Amino acid sequence: MLAKYVARRFFASVVVVLGVTLITLVLMSSTRGSYVPGIDLNPALRPEDIARLRAGLGLDEPFYQWYGTWLWAVLHGDFGRSMIDGSPVIAHILERLPNTLELTATAIVIGVLISVPVGIIGALRRGSKVDHSLTVVSVAGFAVPQFWMGLMLILIFSVTLEQHGLPWLPSSGAFSAFNGGDLLDRIAHLILPATVLSFFYLSVWSRFIRSSMLEVLSQDYIRTARAKGMSERRVVYLHGLRNALIPLVTLIGLELPGLVSGGLVVEVVFGWPGIGKLAFERALQYDYSTVLGVTFFATLLVIAGNLLADLLYGVLDPRIRYG
Amino acid sequence: MTQALLEVQDLHTVFDTKEGTVKAVDGVSYELYPGETLGIVGESGCGKSVSALSIMRLQRPGRIVSGKVMFKGQDLTKLTEAEMREIRGKEIAMIFQDPMTSLNPVYDVGWQVGEPTRLHNGWDAKKALASAISMLGRVGIPAAASRAEDYPHQFSGGMRQRVMIAMGLTTTPQVLIADEPTTALDVTIQAQILDLLRHVNREFGTATILITHNLGVVAGMCQRVLVMYAGRVVESGPTADVFAHPKHPYTWSLLRSIPRLDAEKHEPLWPIEGIPPSLVDLPAGCSFHPRCAFRIDRCTRDEPALLQVGETQLAACWVTQAGGELKGA
Amino acid sequence: MPSAGIETGAARPAQSYWNESWERLRANRIGMAAGILIVVLAAIAIAAPLFSALLTHYLPEAINLDETFAKPGLKHLLGSDEIGRDTLTRLIFGARVSLGVAFLTVLLSTTVGTTVGMLAGYYGGWLDDILMRFVDMVLSIPAIFLFILMSILFRPNPVTLAMIVASVGWGAVARLVRGEVLSVKERDFILATRSIGASDARMMLRHLLPNVLPVLIVAASLGVGQIILVEAALDFLGLGIQPPTPSWGNMLTNSQSYFFRSGFLVGFPGIAIFITVLASNLFGNAVRDAFDPRLKSH
Numbered sequence: 016m017l018a019k020y021v022a023r024r025f026f027a028s029v030v031v032v033l034g035v036t037l038i039t040l041v042l043m044s045s046t047r048g049s050y051v052p053g054i055d056l057n058p059a060l061r062p063e064d065i066a067r068l069r070a071g072l073g074l075d076e077p078f079y080q081w082y083g084t085w086l087w088a089v090l091h092g093d094f095g096r097s098m099i100d101g102s103p104v105i106a107h108i109l110e111r112l113p114n115t116l117e118l119t120a121t122a123i124v125i126g127v128l129i130s131v132p133v134g135i136i137g138a139l140r141r142g143s144k145v146d147h148s149l150t151v152v153s154v155a156g157f158a159v160p161q162f163w164m165g166l167m168l169i170l171i172f173s174v175t176l177e178q179h180g181l182p183w184l185p186s187s188g189a190f191s192a193f194n195g196g197d198l199l200d201r202i203a204h205l206i207l208p209a210t211v212l213s214f215f216y217l218s219v220w221s222r223f224i225r226s227s228m229l230e231v232l233s234q235d236y237i238r239t240a241r242a243k244g245m246s247e248r249r250v251v252y253l254h255g256l257r258n259a260l261i262p263l264v265t266l267i268g269l270e271l272p273g274l275v276s277g278g279l280v281v282e283v284v285f286g287w288p289g290i291g292k293l294a295f296e297r298a299l300q301y302d303y304s305t306v307l308g309v310t311f312f313a314t315l316l317v318i319a320g321n322l323l324a325d326l327l328y329g330v331l332d333p334r335i336r337y338g
Numbered sequence: 004m005t006q007a008l009l010e011v012q013d014l015h016t017v018f019d020t021k022e023g024t025v026k027a028v029d030g031v032s033y034e035l036y037p038g039e040t041l042g043i044v045g046e047s048g049c050g051k052s053v054s055a056l057s058i059m060r061l062q063r064p065g066r067i068v069s070g071k072v073m074f075k076g077q078d079l080t081k082l083t084e085a086e087m088r089e090i091r092g093k094e095i096a097m098i099f100q101d102p103m104t105s106l107n108p109v110y111d112v113g114w115q116v117g118e119p120t121r122l123h124n125g126w127d128a129k130k131a132l133a134s135a136i137s138m139l140g141r142v143g144i145p146a147a148a149s150r151a152e153d154y155p156h157q158f159s160g161g162m163r164q165r166v167m168i169a170m171g172l173t174t175t176p177q178v179l180i181a182d183e184p185t186t187a188l189d190v191t192i193q194a195q196i197l198d199l200l201r202h203v204n205r206e207f208g209t210a211t212i213l214i215t216h217n218l219g220v221v222a223g224m225c226q227r228v229l230v231m232y233a234g235r236v237v238e239s240g241p242t243a244d245v246f247a248h249p250k251h252p253y254t255w256s257l258l259r260s261i262p263r264l265d266a267e268k269h270e271p272l273w274p275i276e277g278i279p280p281s282l283v284d285l286p287a288g289c290s291f292h293p294r295c296a297f298r299i300d301r302c303t304r305d306e307p308a309l310l311q312v313g314e315t316q317l318a319a320c321w322v323t324q325a326g327g328e329l330k331g332a
Numbered sequence: 230m231p232s233a234g235i236e237t238g239a240a241r242p243a244q245s246y247w248n249e250s251w252e253r254l255r256a257n258r259i260g261m262a263a264g265i266l267i268v269v270l271a272a273i274a275i276a277a278p279l280f281s282a283l284l285t286h287y288l289p290e291a292i293n294l295d296e297t298f299a300k301p302g303l304k305h306l307l308g309s310d311e312i313g314r315d316t317l318t319r320l321i322f323g324a325r326v327s328l329g330v331a332f333l334t335v336l337l338s339t340t341v342g343t344t345v346g347m348l349a350g351y352y353g354g355w356l357d358d359i360l361m362r363f364v365d366m367v368l369s370i371p372a373i374f375l376f377i378l379m380s381i382l383f384r385p386n387p388v389t390l391a392m393i394v395a396s397v398g399w400g401a402v403a404r405l406v407r408g409e410v411l412s413v414k415e416r417d418f419i420l421a422t423r424s425i426g427a428s429d430a431r432m433m434l435r436h437l438l439p440n441v442l443p444v445l446i447v448a449a450s451l452g453v454g455q456i457i458l459v460e461a462a463l464d465f466l467g468l469g470i471q472p473p474t475p476s477w478g479n480m481l482t483n484s485q486s487y488f489f490r491s492g493f494l495v496g497f498p499g500i501a502i503f504i505t506v507l508a509s510n511l512f513g514n515a516v517r518d519a520f521d522p523r524l525k526s527h
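In order, the protein sequences belong to chains P, G and A. Mapping of the first sequence onto the working numbering: position 85 corresponds to residue 100, and the numbering continues sequentially without gaps. Mapping of the second sequence onto the working numbering: position 288 corresponds to residue 291, and the numbering continues sequentially without gaps. Mapping of the third sequence onto the working numbering: position 257 corresponds to residue 486, and the numbering continues sequentially without gaps.
Keep in mind that the hints were calculated from the coordinates and are not lab data. One or more of the hints may lead you astray.
[Claimed, not checked] Below are the DMTMM-like pairs computed for lysine to aspartate or glutamate, each with C-alpha atoms no more than 25 Å apart in a straight line:
id, chain 1, residue 1, chain 2, residue 2
1, G, Lys93, P, Asp146
2, G, Lys21, P, Glu230
3, P, Lys19, A, Asp365
4, G, Lys21, P, Asp146
5, G, Lys129, G, Glu89
6, G, Lys81, G, Asp111
7, P, Lys19, G, Glu306
8, G, Lys75, G, Glu86
9, G, Lys21, G, Glu10
10, P, Lys144, P, Asp200
11, A, Lys304, A, Glu290
12, G, Lys93, G, Glu276
13, G, Lys21, A, Glu252
14, P, Lys19, A, Asp357
15, G, Lys330, G, Asp244
16, P, Lys19, G, Asp153
17, G, Lys71, G, Asp111
18, A, Lys300, A, Asp365
19, G, Lys81, P, Glu247
20, G, Lys71, P, Glu177
21, G, Lys21, A, Glu290
22, P, Lys19, G, Asp111
[To be verified] Residues from chain G that keep clear of chain P, each with C-beta distances beyond 10 Å, as calculated:
id, residue
23, Glu39
24, His202
25, Leu218
26, His248
27, Gly326
Only a predicted model underlies this, so the values are computations on that prediction, with no experimental measurement involved. In this text, a Cβ means the ideal position worked out from N, Cα and C, and glycines have one as well.
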C-alpha cells in the first residue's frame, strides 16, 4: 500500500523535473544569440577565441541538440561550466551546499521548536492576553522584510555593541578567518542569520499550529476522548496534537522551496558562503550558466523536498495511504 | 421500589452568548433505574443532548448553574474534574451521533477501543487489545482480530457505530448514554444498531439513556420515555401509556403529526403550528402555549410544574392537571 | 385550531452575500484602518511630485554633497543619505515603485492565474492534467533564483519587473481558482444552468467567476504585501529597479557601508516597507474574515 503510494508520487516528480528542465532551457535560449558579457570585456580575446568559447559552451547548436547535451550532462552530474572561468558549476555547488543546509536546517529546527509550543499556548489560552500578544507578534513578523531585519540585527548586535565596547556577534561569514573554526565560533556566526531566517517561518507556523489545534480540539473525537475519562493533557497531546501536526508537515514541505531560496537574501546580507550567495555573485557577473546550473539544482532539491513531505504525510495520516 | 441508579434533580445548564443567556436545560428532573432503557425525545435544540452532556460534565462551553446529578450517592455536579474522570468512560459511558467524526482518524480501532481499559483498569496494551477484539466480536464485527488493526475510515457507518458501542462497553459501565446513535445511519442499519443496543442492555444489564427525536425508535426500545420541550421536561411515563394517551399537548401534537400507514388516503397531516421558541427569550408561562391547541388563559401567565396526571404519567400542563382531556380539535 | 402561531425571534431582512460581506468588513475597525492607509499610500504614490513639493521641496535625485548623512531635522525631515539626497522625498517617490509594481504584478498574476485555473477546473480531463503539471513545474523552481536569472536576462524596468514576479505568482492563483471551480462546479445550480443550454463561456464568466471572486479578492489583498517584500528584496540586491530611481529596497543596497554614519538611513526605508506590508496583510485578513466568518480562529 505504502509502496504503491511512494511509486506514484515519485513518478509524478520525475515528470515535473523534466518539465522544469524544459522551462529553464527555454529561458536560457534567449541568451544564446547574443554575445557573452564579461568575456567580451577581456581585450586579450580575439573574435576567434570568443567563437571557440561559444562553441565550447554549445551556444550555437540547434536548441534540441543543446537541450539533449545538457540533459545528458546533468544526468551524469555535470551541471555546466561557468562562463567566467570555465570551472564546473557542480564543484561550486557542492562546496557551498553544506553551508546553506547548515543555515536552513538550523532555521527550520528553531522554527519548529519555537512555533509548536507557541501555537499550542495560543490555542489553549485562546483569547487571553498572552494569546493576543503572540498574535500581534506573529502578524508583525509576517510583514518584516527579511533583508532589513538582517541589517537591523547587524546594526544592533554587531555594530552598536562593538561601538560601545561590548562583546558583539559576528556579522559575516560562517566562521572567523583568523583563529576561528571551532564549534563556538561557528555557532556565534550562525546565530544572527539563522534567527532572521527562522523568524518569518516562526510567525507563519505558530499561527498555523494555533488554528490547527483549535480546529482539532473542536472535533467530535476530542469530545469522545473526554467522555472516556481522559485527562486534559492526554486529550490535547495524544489525541489532539497528532492530528494538528499533520497539516504542519505539509506546510513545512511547502515551505522547503522558500527555505532553499529564501536563504539567499540572508546569505547575501550576512556574507554566508552558501549556494544563494553563489548565485547572486555570479549573477552580478552575468555568468548565466552558473546561475542556471544552481537554479536547476535548487529546483531538484525542492522537488525532492516535496516528495519527502508527501511520504511523511503518508506515514502520519493513514487515510492518505489507503485512500 | 428499587433505588434509582441516576437521579437528575432540577438541573439548569446555560450558555452565555452575545444575544443573551441561552437556557438550554431549564429545570430538568428525572430518574434512571438499573437495567432499564429510558428514552428522551424532543425536537432539535430542546436540550436533550445538553442535559446528557451535563451528567457527564461535558457541557462546556455551557455552565451548570444549579441542580444536582446524584449517582451512587455522589452529586456529580460537585465532583472535581479528576473525580469526574474516574466516572467517565468507566461507570457512565457515552456514545455519540456521528461515528465518523467521533472516532480519531489517526489511531486504529483496536487501540481506541482498548483505551478505556488501559486507562481505567490499568491493563497493559496486550490485555486491552485482546479484550477490545473480544468486545468487537460481541458487537457483531466479523473477523474482529484483523479488523482491529484497521482505521475508522475503513469501516462503514453502521460498523463504526458498533465500534463506538464496543468502546463504550469495555469497562462494563453501569450507565450507557446513547445520544442519537442512529440518526446518522440509514434505515436498515438503524434497525441493526437498535437490535444491538437491546441485546447489550439485556446481556450486560447496563441502564441506557436513549436520546432521539424519532418516536418510532422510542416505541421499540424504551420502557419509559421523557418528552422535552424548550429545555424542560413536559411529560414522562411508561412508553406504552404516554403513546396511548399523552397528557401534554406537545406530545399529543407530535404523535398526531406522524404519518400513519393506516390513515385514510386524503387525511391531512397535522404539523405543529409555529416554530420552537428562542431559548434566550422564552415565552411567559408555559413555553409551549403559543403553539398549543388547548391553551387557556392561565397558560400565558404561569409556568406549570411537572406533576402526576393519570396513574403512571407526569405532565406539565394546566389543562390536563385540572382533569382536561386532549382530543382532536 | 387557534390562529397562526406567534413567531418569536426577530427576522432580519435578507441581504445579498456581497452586501453582508461588506457590512462585516466595515465593522472590522482594524481592517478598515489598514485599508484606508493603503489608499492613502497609493494616493501619495500617484501624486508623489505634489506631496514632495508640499512637504519637502526637494527632488528625489537632487544631490547635495554639503548635507550628507544629515540627522532628521528641520532641513531634512527624515535626514539625508550618503550623497545628500533627502530621505523623505525619496521615500515618497519610492512608494511609486513599491506600490506600482505590486499592484501591476497582482493584476497580471490574477488575470493569468484565473484564466488557467478556470479552464483547468471547468474542462478537467487532460487539459487539467497538463495545465496543473505546468503549474507544478513553475512552482517547483525556487522563485528568487528564477527572478535573479530573469533579471539578468531581461533588463528590469517597473513593467518587466512586474512581469517577472508575476511569472511565478500566477501559479498559486491558478491552483486556488481551480480548487474553487471544482467545488462550485458540483453544485446543483450549475447543472441546472447547463441544462437550459448555456454555453461554456457563459458558464465560466457569468456563473463560476462570481463565485470564485471572493477567494480571489482575498488572495489578491494578501498577495500585495508579499509581492512588496519580494520586490524590495530584489531592489536591495541590485537586481530590480536601479538607482537613481528611488525604491524602498534600493535605498538599502549599500547601507552596510554606512552603518557607522547613520542608523536612520537603515531604519526608515525598512519601516516604510513594514508599515505598508502590515497594512496590506491586516486588510487582507479583514477581507477574508468578511467573506467567510466561519474561518475566523478567534
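**Asked** Which of the listed hints are broken here?
**Response** Failing hints, ascending: 1, 6, 7, 9, 10, 12, 17, 18, 20, 21.
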